[in-house]
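Residue numbers (our numbering), protein chains in the order written: chain V, 852 to 1270; chain B, 2 to 312.
Keep in mind the hints are simulated off the structure, nothing from the lab.
Do not rely on the hints blindly, as some may be mistaken.
[Unchecked claim] Straight-line distance between alpha carbons at most 20 Å, and here's what the computed SDA-like set of lysine to any residue pairs gives:
1) V/Lys1266 / B/Gly17
2) B/Lys157 / B/Ala182
3) V/Lys1266 / B/Arg15
4) V/Lys1266 / V/Pro1010
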Amino acid sequence: MAAFIIAWHHLARIARSPGLILILLAIPVTLAGIEYAAFGPTVASGKLPPIKVIVLDEDKTLASALVPQMFTGGGPMKDMFETSPVADRAAARDLFQKNDASALVVVPKGFQEALLAGNRAELQFAPNPLQTYSPAVASAVLEMTTMIGNGLLGQAAGPLRRINAVRTAGQPLTSDDVAEISRGFFEAGQRLNGLNAVASLKVTAIRPTGEKAGPEGSPKAFFAFIFPGLVIFGVMFISQSLALRLMRDRVRGVERRLGMTPISPAARIAGSFLFMASGLIAILALLLAVGAVVFRIEPRNPPALLALAAGFALFASALHLTIIAIARDERSASFIGSGLVMLLSLLGGTFFPAESMPPFLRAVAFVTPNGAAQQGFVDVLAHGRTLVEASARIFTTWGWALATMTVALAATYRKAGRA
Amino acid sequence: MPSALIEVTGLRKRFGEVEALRGVSFHVAPGEVYGLLGPNGAGKSTTINILCGLVQPDGGDARLNGIDVVRDPVGARRVLGVVPQEVALYSDMSARENLAFFGRLYGLRGSDLRARIDRVLAQVNLADRAKEPIERYSGGMLRRLNIAAGILHSPKIVLLDEPTVGLDPQSRAAILDLVRAIAAGAAVVYTTHYLDEAERLCDRLAIVDHGAVLAEGTLAELRQAAGEREIVALRGAFRSEGVPAALGAATDVQILKCTPDELLFSVRSAERELSGLMAVAAGFGDVREVAIKQPSLENLFIKLTGRDLRE
């Protein structure tokens, strides 16, 4: 009972003067808001913004007009690109400087003629030097489509070479020439016919059980990927702020005074834990509500979300209660706490996606408390994983929570004994 | 005399190399104000901390209302009200909210709690400012509220640890009146640096230094123990080595302290002995200041500890 009185008392104090907590609460929301403003509602609805490729057509032929379709013609990549014509190189430079295009593809004069003549037909590719990721994607797609085109053309290389040779020689075609060219095209046709299956090639996505498809279920909602990391980061700092409030009470002698009341040290420590953990769970719930309302992140599988939220709230509470128990003063507690929050955020993938880390760091990221909780939230919110399916992340988070709580209890009890 | 509510017997405590308490014993009866008088590091706070159950003694026995503070610290704290030296309250809350919180920790609820809060607020004269955040309070108001939080649950035993430190004379006087009123229904232990407070307030006193009770009794008993002797303090620069031998001939002079900058003597008559003492001291250095203190509690303190209370 005394633990509840203490926890309620501290929560009431926070509710009365929530200034700092609100500021800290605003960090993840603001960061997500900035990304929302940058990428717009398209992203929130589940699509990444398209990579813009500008095409300078100096050939102005039928063949050159087909070049943009190398990006947008079809297949799974078609929604990733947006192409638009550009009048000249100066206009292209202007668009690059405004960062309004990721790459320029130039179709030089004579492109179609070279194609028809069987000569080397060249496309020029210029990446926007202000960008890194998008030009690389555009370049890779262009190389891939030209490679496929060359491969298909290569199937008919023999008869085409024969036609060119006859034309270059200026001799009339003999029946043998026609027969050989015809046989060459026939064989090429036979080989291509063997690739008929390509026309009906279909990709079937394998999704974990329970994952919904389609933008309505927001399975790939951009914010479902980035928001959990920001939330975890914000909650860690809020936890630090709550713990520092308790430390200030201790410095002022109020903790010592509580030790003079008929409340056992265990009840006092439980009260602090209860205050921190329940406060953080409430804040996590609030942030998830903000995510749902503002960023359209569907709060799926509430039991899994609750398990992750409770585990991470306990971990963050225990971590910062340990820090204030071992730190000499508020300044050192603040220093240690901030350092650990930044380190855990870096390792856990808050600032850099864990899935893009080198293998060793990736393995580390998913076993850190931040990384496990963050990935757990992503698994549930973005992939629709259930409590059972997300259990590995939940167990990791709870493992950290229980281990840190043990340390916190020992350190806090020792401190309470000395108070 | 009614049976004692506080019984402390042979209390011992060591912190590493430092022996903080060396067999402290005292008892306090209901309605009695017992003063613990001593300089910093004398052992007062350690004694208080043991009574509160915050520190485990190495030896001895301490009981509050018959409850052993080591075996049942929580039970002992139920009958105890503590007023710590620092104003240990939540500055972002009002007086009423602070009192309500501490009252709940003592198991008080509902109308009983509200009635008690009203009563103590009136007692400490803060009823009209009860709803203000206490960060707006003056030092004297905070001290009074600090006391109110310690007596809200009507404890049988109240420990006040230097509750008037840093206050102006008017606020101090108000608090001393308050302590007197508290003592009407409780056994009170009052620690202080101020001799005048101890003389005015305490029914009995213990002079504590280096973890031991050097003298104990009523004010009259202690004054009697101090005798009719006066204290002579000579300050300046001295070669202290030979002073005791040189004064050995003067049979009625007791040397209390002998350092390169101060010589402290206890004499039956300062008027009669001063010229002789000055002559001896002049042979060992340069006398720059002479002070004579009349028989008092302070004299006894200096006589027992060899130092001023504020050192």
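Subject >> V/Lys1266 paired with B/Gly17 [C-alpha distance capped at 20 Å] >> reply: 18 Å, holds
Original post:
Given the hinted pair V/Lys1266 and B/Arg15, is their alpha-carbon gap at most 20 Å?
Top reply: At roughly 19 Å apart (the allowed maximum being 20 Å), B/Arg15 and V/Lys1266 satisfy the hint.
Subject >> Holds or violated: B/Lys157 to B/Ala182, with C-alpha atoms at most 20 Å apart >> reply: 13 Å, holds
**OP:** Take the C-alpha atoms of V/Lys1266 and V/Pro1010, compute the straight-line distance between them, and say whether it is at most 20 Å.
**Re:** Not OK: V/Lys1266 and V/Pro1010 at ~89 Å, beyond 20 Å, violated.
In this structure, the one hint that does not hold is number 4.
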